[in-house]
Amino acid sequence: MTEQGVRWTADQVLALAPDAASRKAGSRLGTAGPWSGAGSGEGTVWGLCKGSGSRPYQTVVDLADVTGPGYKCSCPSRKFPCKHALGLLLLWAEGDGSVPVAAEPPDWAGQWLSGRRERAENKRAGDDGGAASGSGAADPDAARRRAERRAKRVTAGATELEQRLADLLRGGLAAAEQAGYGQWDETAARMVDAQAPGLAARVRELGAIPASGPGWPARLLEESALLHLLDQGWLHRDRLPDALAATVRSRLGLPAAPDGPPQRDRWLVLAQYDTSDAKLTTRRIWLHGAGSGLTRLLLSYGAAGRAPELSLPVGLALDADLSVFPGAGQVRAALGEQYAPPAPAALRPPGGTTAEAAARYGEALRADPWLDSVPVTLDRVVPAQDTGAGGAWQLADAEGDSALPLTEAFRSRPGLWRLVALSGGAPVRVFGECGHRGFTPLTAWPEGPGDPVTLC
Amino acid sequence: MEGEGDVMNGTPSTRNGEAPWEELVTAALLGTDRRPPAAAAGREAPLALLDAAAVATVRRRAGLRPGRAARRPEPAPEDPRPALPAAAARRLAALLADRSGGAGGGRRGSSPDLMELLPQWLAAAGAHGYAAPAQTLPALLDAARGRTDLRPAALAFAGPRALWLARLNPDWRFALRAAPGGGAALPDAGDGEAVRRLWQEGLFAERVALLGALRAGTPAVARELLEGTWSTERAEDRLMFLDSLRAGLSAEDEPFLEQALGDRSRNVRATAAELLSSLPGSALAGRMAGRAAACVAVDRTAASPTLVVEAPHECDPGMERDGVAAKPPTGRGERSWWLAQLVEATPLGTWPGRLGGRTPEQIVALPVADGWQGELHAAWCRAAVRQRDAEWSRVLLGSPSAPEAGGPGAVSLAERAKLLAALDAGERAEWVAGFIATHGLSEAFQLLGVCAVPWAAPLGRAVVDALDIARDAGSYPWSFSGVMGLAERCLDPAEATRLDGLLAIPDEREDASPGAGGYWAEAFQRLVTTLRLRAAMAGELAPDGTPGPSGT
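Chains as they are written, first to last, in the working numbering: chain A, 1 to 456; chain E, 457 to 1008.
There may be inaccurate statements among the hints.
Derived list of chain E stretches under chain A, where covered just means 3 residues or more per stretch with a C-beta under 8 Å from a C-beta of chain A [claimed, not checked]:
| # | stretch |
| --- | --- |
| 1 | 619-632 |
| 2 | 656-665 |
Result set (EDC-like, lysine to aspartate or glutamate): computed pairs, CA atoms no more than 20 Å apart in a straight line [to be verified]:
| # | chain 1 | residue 1 | chain 2 | residue 2 |
| --- | --- | --- | --- | --- |
| 3 | A | Lys50 | E | Glu886 |
| 4 | E | Lys874 | E | Glu886 |
| 5 | E | Lys783 | E | Glu817 |
| 6 | A | Lys50 | E | Asp956 |
| 7 | A | Lys123 | A | Asp401 |
| 8 | A | Lys50 | A | Asp141 |
Computed beta-carbon distance windows for the label pairs [stated by the list, open to error]:
| # | chain 1 | residue 1 | chain 2 | residue 2 | range |
| --- | --- | --- | --- | --- | --- |
| 9 | A | Trp108 | E | Gly582 | 57 to 67 Å |
| 10 | E | Gly582 | A | Gly448 | 15 to 25 Å |
| 11 | E | Glu572 | A | Thr387 | 20 to 30 Å |
| 12 | E | Asp924 | A | Gly336 | 15 to 25 Å |
In case anyone wonders, no lab produced these hints; they're calculated from the structure. Ideal placement from N, C-alpha and C gives every residue a C-beta, glycine not left out.
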């Protein structure tokens, strides 16, 4: 690594922000005004930010850590990273000399840095030596008993859910619509008790379907049938091929560890987006292997109000190992060793036609029938408005007469208009998720040269 | 492909060889108790139904294929302008992201108000002639939708692709209305046939736009178009069309305007009279001069020369035809009301000849008998504004440091601001600087608003000094938040270094408002930060990295 490391762009910095408010607050602090004593060196940036109090806040960011940036700020904010860290990084990203390269960080920054790096070092040493003699392996019998106990509870839960679904179908969906949401919530809670969070989540979604507009009975039947399929998969897992059994386990939400061989590649970040509920923020990061051509998904979680720790802004590429999780057709992977910090790359993933994308989804269902969508890149598609379908937007092949409808959720997002504006009626390349609900664009590239535009 | 699978996002179809999907849905809807499925070998009926539905669902999803492509939109017109430099594009994204919320809510602290910098940024980017990045167009259109004052600059910068986009989203219709001719290009002024057709057949907005565009280049053509259809236009339309003659007004327009003095509509007559009175050589101006001159004279019999005023005793039909309103507003005397209108419409050049060859300065300095000074001077002020007369404006403004300049006086602040507009930028800045140096900032807001941006050095210094004095006086900075906000936007960024001394929190004095020092330091901090930001913005927009021509 060079002395300064690779200077980030402002977009990359802003992608670290835990929410829109922090992004805004951080941008305001990204000017030389409030900062003093700022400096950078060896992948570290530090500075003093004048706040409303008499003492300036001390802000340090450690970018050299390959597991992701570390932040330390003396402000009382509970956001992570706080606006001061974001502002400091923006100032540094601007590269106009406000954050000069310095030989040594000041004491207050140096202490935290050395402490942090020491801990990281210990952890790595612990990981290396711990695989063989760690606490998990200390009592394999206890671990096995725990797993058996949990399997029993899940079996009880799945059996109960089968009964519940049978009752539903016996009485009819029309009757269930009148019963309302409450009974689904109760069933979901029972599935949480049964330690099957995957079942609980699907049950909660079932409860929302009767209110989802015309055609709900068909959708409710589809999802009930797939839930039934999952129950059956678990109850007969001993008769399934290993890979499919692993898929069932992960769909039920049982813990799994990545066991695929580490695959080193230059992984281009295609998209990063968060979804959150009351308790948890889930961040999805799609990666494309420049050498292997594989598409992989990283998941990262954060408690509500905190950004998930892993942040990989779109347009960066990282030289790293990925290992996939067990399961048939699994794209989820864990980030292993990183050989260099992420750096901007002008790569674009290769794309195909809309027909190829639909076929890709169909094939993927063979390995995992519960899949809602698969990641695909479409090349040379034009956003067009289908006047026959109430003006719904679609992505049409520039050459050819097929088109993928855009999902209803995407059609109400501001990303739709960024996509339409970027295209201007000309073909664009679009990465997104293609499934039975349609296509959800996540990132687009203009026909000519230009940076990726995030749509999520 | 046809028949092999369903269209994505569409309704499921029926397939041969198994229970059709609709049958499964009907059975599920009614319940298997009422509608048992046909064959359920050794399996409970509901579970058999779920088995069949699971197979059908996965099969259907696996067989999904794309739908038929709709008609592609017409390609957006090319935007030939050069691309925005990368740093400036990021800045624009940050300014636009700041748009939503934040405004007005709570204390601003020491960070700049980005939304307030957007107009300046747009003006500078427009001056450089850059194209807007395509993906920022939705945010630009949203910003223009929310703030009408931003619209012209935002739409000009957004360019042809934004109009293309606006046609696809009803939220952005306003952009098509704002664009001349509803987004369609106006015909070339030289294309007489197309111009005539648009004038004859166009919508009202298109015709106003056409008139405005023609007036800028070939004013006579515009007037002739209007004359051609004048008698058939509706009164409201006549008023709007007539008003667009204000641009490019010249003596050639006089015959037409004279004719409009006889219009059926009173508002049209008044507008025609106003336009004629701003042509010093017009017959109307001459008639008004004759009437006004009869009312004002120098009384040589007094000890020192004094102006005497004899207001008109009646408003005759000739005066009414020349646009004098006979009925005064409530609370005003008839005669002074008529006098004010006569003097206001009289070419200022009339007065030196009428009043003994005195210069404007001498005339304004003359005492006025019987308390007519207020009325007379106010009318001269309005005349100076209407005729954009720099010399009269200057003498009516008087010395900025004169004690009466700070008070209400004969000339209101609003009128002063208008008089200042007739002076050149440098003189204007100097006058306001002098005003602030004597009278402080409390009355200066309106006057600062008419000064050219960025403020000239003497004006900037006067404002900063006055802020410093206000701080020392121990008041809170938010008493000056209007001027502070203006200073953030208008002060020359080069002045930032002069402000460094004001950033420290001073020791609190006994007579000062509690905590004021800290708030002042914060306000100055924000001022300096904003100035630095503006300098950075200008630098990013310049192709070679130096501050651009607009000097923002």
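Q) Taking each numbered hint in turn, which are not upheld by the structure, reported in ascending numerical order? A) 2, 3, 5, 7, 8, 9, 11, 12
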